[in-house]
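> Spelled out from the first residue to the last, the chains are:
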Amino acid sequence: KQEVTQIPAALSVPEGENLVLNCSFTDSAIYNLQWFRQDPGKGLTSLLLIQSSQREQTSGRLNASLDKSSGRSTLYIAASQPGDSATYLCAVREGGSEKLVFGKGMKLTVNP
Amino acid sequence: DAGVIQSPRHEVTEMGQEVTLRCKPISGHNSLFWYRQTMMRGLELLIYFNNNVPIDDSGMPEDRFSAKMPNASFSTLKIQPSEPRDSAVYFCASTPTLAGTEAFFGQGTRLTVV
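Here the protein sequences come in this chain order: L and V.
Under this note's numbering, the residues of the first sequence are numbered 1 to 112, in order.
Under this note's numbering, the residues of the second sequence are numbered 1 to 114, in order.
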């Protein structure tokens, strides 16, 4: 059974820091990995999608990498801002099915 | 496109009542997912459909829960009878059929059973 882990569960940093958020998964047979952002009381907003054949994807200050063989992904946030405060979730799309399996998320607080 | 649309946004009901949550996926998306989110368990997949057919309902917690997708543009998740432990945020998501594509989520329905 695929399990997705995000550690730590919460992180508080001062504004301007470069951040690395970690995600690990137990079964490397995946179609893709997706990073989401969730603001309090809101739905999930897709940030980046990395296909299983790709190593990384970039969007603005965000860069996500994927090492499928080791079951790891990282989300890099450059020059963090208070507006980046949210919960970040990673999810993998299982190979052989269309299930999207989520980690429990990491709550990020960026202090001004 | 307006994205995935869920209704209602909030629902408060008494224990024992029937609750129906609704979802309209993005037009052209053939896969639809229902998730439940709680603080304790995070996001749990309840059921998903492909081309209106339920593919995996192993996440449905018990027989009180049922889901239907009568056509490509509408799905319902029903709880009958509802219990306080069903209180959670229920999300619907859709993707195009191909597994390698992005999933889009609705804004969720916050259900409170008192």
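Since the hints were derived computationally from the structure, they do not count as laboratory data.
These figures come from a predicted structure and were not determined experimentally.
Some hints could be false.
Subject to a maximum C-alpha distance of 30 Å in a straight line, what follows is the list of computed BS3-like cross-link-like pairs (lysine-lysine) [stated by the list, open to error]:
hint: 1; chain 1: L; residue 1: Lys68; chain 2: V; residue 2: Lys24
hint: 2; chain 1: L; residue 1: Lys42; chain 2: V; residue 2: Lys68
hint: 3; chain 1: L; residue 1: Lys68; chain 2: V; residue 2: Lys68
hint: 4; chain 1: L; residue 1: Lys99; chain 2: V; residue 2: Lys78
hint: 5; chain 1: V; residue 1: Lys78; chain 2: L; residue 2: Lys68
hint: 6; chain 1: V; residue 1: Lys24; chain 2: L; residue 2: Lys99
hint: 7; chain 1: V; residue 1: Lys68; chain 2: L; residue 2: Lys107
hint: 8; chain 1: V; residue 1: Lys24; chain 2: L; residue 2: Lys42
hint: 9; chain 1: V; residue 1: Lys78; chain 2: L; residue 2: Lys42
hint: 10; chain 1: L; residue 1: Lys1; chain 2: V; residue 2: Lys78
hint: 11; chain 1: V; residue 1: Lys78; chain 2: V; residue 2: Lys24
hint: 12; chain 1: V; residue 1: Lys68; chain 2: L; residue 2: Lys104
> Name the hints, by number, that the structure is in violation of.
1, 3, 5, 7
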